[in-house]
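*Asks:* Given next are the chains, with one letter for each unit.
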Amino acid sequence: MSDELVNVTIDGMQLAVPKGTPIIEAAKQAGLLVPHYCYHPSLPSPAVCRMCLVEVEKAPKLMPACVTTVAEGQVVHVNSPSAKKAREGVLELLLINHPLDCPICDQSGECELQDYTFQEGRPATRYQEFAKRYNPVEDFGPDVLYVPNRCILCTRCVRFMEDVADTPVLNVSERGDRAYIGIAEQQRLDHPWAGNVVDLCPVGSLLSKDFLHKARAWDLDKTASVCPGCTQGCNINIDTRDDVVVRIRPRPNLEVNRHFICDYGRMNYRWMNRGDRVEAPLVRDGGRHVATDWDTALDRIGQAIRGVSGSAVILASGRTSTESLGLVRLMLDGLEVTAAVQVPLGDEAPLAGIPGLALRRERAPNLAGAELLGYGVDGGETWREVSSAGLVIVLDAELGPEEEAALAAAPGLVIVLATLMPEARNAEMILPITTMAEENGTYVNRDRRIQRFQQAKAQPGMARPAWWIAGEVLAGPGPDASAPSTAAEAFALLGERWPLFAGITHGDLGYTGRLLTQAPAGVGSAR
Amino acid sequence: MGYPHPSHPKETVVLSKHFGDPEARTYAGWVRHGGYEALRKAVGMSREAIVEEVKASGLRGRGGAGFPTGLKWSFMPKDVVRPHYLVCNADESEPGTFKDREIMRWTPHALIEGCAIAAYAIGAERCYVYIRGEFTEPWKVMNAAVEEAVAAGALGDDVFGSGKRIEIVLHRGAGAYICGEETAMMNSLEGRRGNPRIKPPYPAVAGLFGMPTTINNVETLAAVPHILNRGAAWYKALCLGNPKSTGTKLVSVCGHVQRPGNYEVTMGTPMRDILYDMCGGPPAGRTIKAVIPGGSSVPIMTLEEAESALFDYEGVVEKGSMLGSAGMIVMDDRTDMVYQIWRLARFYAHESCAQCTQCREGTAWTTRVLERILAGKGKQEDFQLLLDLSENMTGKTICVLSDSCAAPVVSGIQKFRSEFEAYIAGAREPSLAAV
Amino acid sequence: MSGSHGGTAGHGTAPAEEHIPVFTGPTRARLEQLFTKYPTRQACLLPALWMVQEARGWISEQAIGEVADVLELTPAYVKGVVTFYTMYHTHPVGRHFVQVCTTSPCNICGAEDVVKALLQETGCGELGATSPDGRFTVIEVECLGACGFPTPILVDDDFIENVTPEKVRGIVQRYQ
Ligand SMILES: Cc1cc2nc3c(=O)[nH]c(=O)nc-3n(C[C@H](O)[C@H](O)[C@H](O)COP(=O)(O)O)c2cc1C
Ligand code: SF4
Ligand code: SF4
Ligand code: SF4
Ligand code: FES
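One line per chain: the protein sequences are A, B and C, in this order.
When the letters of the first sequence are read in order and numbered with my numbering, they come out as residues 5 to 531.
When the letters of the second sequence are read in order and numbered with my numbering, they come out as residues -11 to 423.
When the letters of the third sequence are read in order and numbered with my numbering, they come out as residues 929 to 1104.
Just chain A, with the same shape it has in the complex (with noise of 0.2 Å):
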């Protein structure tokens, strides 16, 4: 697409779009949506489903809206009456093989067929006294089921495993009213974006044997949120149905994961479902944790950390958040800090269709976010650190075995900020928090892409997000101080220490986020 801009005008609405724009993108841009199933803006248009035709005044016939691109002076008509006409045609055609399955399918309520044949559509089929065409049910991979009775040959499943993901395991068999998408037999749909033929494929006819049956598109709350899987940073929907996450789905971002995740971070969900939580604040009394409030904890870690002398230790999990991480280190200024945050290691991943992106190596969505703000990877060398330390903070960091014995060797203060319960006898206090899941905040990929992700689920108990324990502390008691309340405000506290996040705004970031630019000279990072 180039900078020129062509002027068009679509259901009377004169707008001016990039040249080689398509008409469907240009219509979206008027606020029209015309109806489709073949196109998908990050697939190649094959133009097959001819759903989307248009009038174009001077074309002698309908042409389609996905292929079709502008032209200088062009005028469209969406809903002329030849136009809605030849859409109800195509419905009509959809329909005739297309069973009853709705208030068994697990699209309904997300079907761009029921959806447009409700727009559109003649109320009544005429294709009656012929049987609908029959297949049976197929197991296409790990997690995918392939319905054929239902499918309405769009392709977009076969073009993603070939153009996208350049592993051609799926094809459009037969031909003619017989065609099918098939799959060979020594091959499986398991390549590690597979997942994302179920989000492409308008209709039921690709189900996600993990969502099977789970729950009705209509019962799910979705939230838009970041995938904590890898360093990546693909955008996500949380779909929560009664406070329990039921599936997650791509959020489509054209900077940083198009309309795809991987198939790792998809099923990277359980853990927001744990029930085992810490729920309470514990402060040691003698031998054992005991439960107590907020304030007294608050006080308690206060009063610590202004006892400690010499240096600290943060070991923190690489899936905490900017905001976090930042007023944890904030908070213990004043001493000689060694941070780090975990990164798992993986296996990397590609999708060979998109430049730049992969699930990564790195599994830790905030490993940029924590460099910038002072932290170092955690290889083993910060337990080292632990045990001259004056104070150590765990900040939801898994603990092995070995790190548990680090720990309980440490002859400082351990305070630990924990999701599920460590192993941590000598800890000081344990205080509970909230997953990502469970809170507002930003995670910085890794092209320093800052996102937002949004609270999908509420806090078991008296779980609270760590900025705000470090919040408070950081206030310090009594009735003027003026600790963040919301992560909004906990981000604007970064910007004064470490000037990258400087004059930005959650606001700011919207859906999709934006790159952080580089510091400028002379203005140190905090590390």
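Hints listed in this document are in silico derivations from the structure and should not be mistaken for laboratory results.
Think of the CB as a built atom: it goes at the ideal place given N, C-alpha and C, for glycine as much as any other residue.
Hints are supplied without guarantee of correctness; some may be wrong.
Quick list of in silico lysine-lysine cross-link-like pairs, DSSO-like style, CA-CA up to 30 Å [said to hold, decoys possible]:
1. Lys66(B) / Lys187(B)
2. Lys187(B) / Lys965(C)
3. Lys307(B) / Lys65(A)
4. Lys367(B) / Lys88(A)
5. Lys89(A) / Lys65(A)
6. Lys88(A) / Lys152(B)
7. Lys1044(C) / Lys1095(C)
8. Lys277(B) / Lys(-2)(B)
9. Lys277(B) / Lys1044(C)
10. Lys88(A) / Lys65(A)
11. Lys224(B) / Lys66(B)
12. Lys1095(C) / Lys128(B)
13. Lys965(C) / Lys152(B)
14. Lys136(A) / Lys365(B)
15. Lys(-2)(B) / Lys152(B)
16. Lys213(A) / Lys461(A)
17. Lys43(B) / Lys277(B)
18. Lys65(A) / Lys232(B)
19. Lys403(B) / Lys65(A)
20. Lys232(B) / Lys136(A)
21. Lys365(B) / Lys1044(C)
22. Lys29(B) / Lys5(B)
23. Lys89(A) / Lys187(B)
24. Lys367(B) / Lys(-2)(B)
25. Lys965(C) / Lys128(B)
26. Lys403(B) / Lys307(B)
27. Lys62(A) / Lys187(B)
In silico negatives: residues of chain C with every beta carbon more than 12 Å from chain B [to be verified]:
28. Gln970
29. Lys1044
30. Gly1053
31. Arg1102
Starting from the structure of chain A, add chains B and C with the ligands where the hints point.
*Replies:* Same frame as chain A, but now just chains B and C with the ligands:
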């Protein structure tokens, strides 16, 4: 000539002169008949001069669409910065059409010579000839002929010592009517499903393997050597009707005539002459009821329309149909029009590549409705249903296979409605078992 | 739709048997020769499938795997192509494969009677089925491009014109 029948005086025999003559199949025999003179001449000419000559002749594509051949060639980039390709469309699968088959069987060198000239004219060094898989005999004949032509220096790295490189590769189809559509053919040649492509881009810009490509029908290419040998003016003068239709045309006539076969006529010859003089009219005691003049994809003509039409691109359109591939299907008074229209719809349903909704589902539904009528279960509403479906299938899809299915249905209902009515009213015995 | 093209393709699983590679020795050499005629290996897919069918009589799932291997494609991709073209058999067929044109031009000249005669004389009984003696499989096909010579049939690679029901017995006897 009206192969397998002797030539009729009303024919103008150019391409078909040697049909049935085994000698013409060999390189030596073909040279004795004056073959390869045109290619020798061509490689001494400039590319532009050949294109101009073909333009001036008025030659139009014989594959069905009738697009001016010289003009098509002129769309190819002048400078050959990337490989150019010529594709010869020898997929001949349009019901009623069997002319390309005879060209390849009897005069393979005519086609090879035409391919070589065209390839040179469009800046291509390689020509793929896509021969439908069922054409086992033409396949063998063409293979032998290409081998001979290479051995004789008519093809290869140095065509007749001119330094020009022209290679012909024969490619066998595998059973798919749709691969006759030019962009489907390119996909098929690339080792894909034979799905037609959306245009633009046009083949001359990005065709086979993404390179500038020209696709021509067998008969189109076989006519080219004659144009170079005898001049554009001679070809252009072969015209009895509209001046936009020039040259000779092979007409494949089949069905209910006494002498089915391929006849070669000057453009604009009255259809009456073809039907009665050349083909001998209907079998004894019969009358012609309907004629499909241009392969099954064009509207059906009544006898009156057929008898009054001049056989050229414009003349047939004037009488409500199209010249198409000039495969003429003649149906006499015994013919059950509903049954045959059903059979055609079934053909398109079988051949639809399955990409476009209207075509994939529409061809199948149309077939079923016709089946229901034939089974004695038809309803009055079926007329409207069939016409609605046909309208929905016309002008809305990637290629015109969908339209082609609608053409016989719509023209059939228009012109032979009473036959449908008879089935629906139960006045006629069902001819198919109940659906 | 009534009337069957008796497609030998189908959803089902073809019988599994040990696959002996096709592309070895001279066949491999022929394929290598073909590679020089096309700018991509993928373009050799249709010719390669023809070679498999010539060698084995049909194209098994394992053969699809082999073709995919030699052409650097995936089996699923190859299968999508195989099932597009009606001349490739994805199931075993009789020793002689008979294709009869029944499209309108031949249909109005009596092609359906030729089909009936063929089904009877070969013992196939129905379209797409293989005769009990394993000799024949008969299918209806669309226009064979020889409408002036009704009814044309293809027996293996032999194109036979002007077949009438009366000639069927003699033709069938020629193929053992
Ligand atoms: C469904 C369909 C089938 C076609 N089949 C053939 C065919 O069998 N042979 C042919 O020459 N052209 C066929 N055509 C026309 C080709 O697309 C193309 O126009 C032609 O090969 C161009 O060559 P020409 O300009 O020399 O006619 C077909 C077109 C369509 C839409
Ligand atoms: S399975 Fe879904 S995405 Fe794939 S072709 Fe069918 S409808 Fe389209
Ligand atoms: S690539 Fe990374 S961020 Fe994206 S979905 Fe996968 S795990 Fe999540
Ligand atoms: S009209 Fe039919 S044959 Fe042509 S591209 Fe569409 S589905 Fe394929
Ligand atoms: S969206 Fe345009 S044809 Fe399918």
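*Asks:* Would you pick out the hints that fail for this structure and give their numbers low to high?
*Replies:* Those not satisfied are hints 6, 15, 17, 20, 24 and 28.
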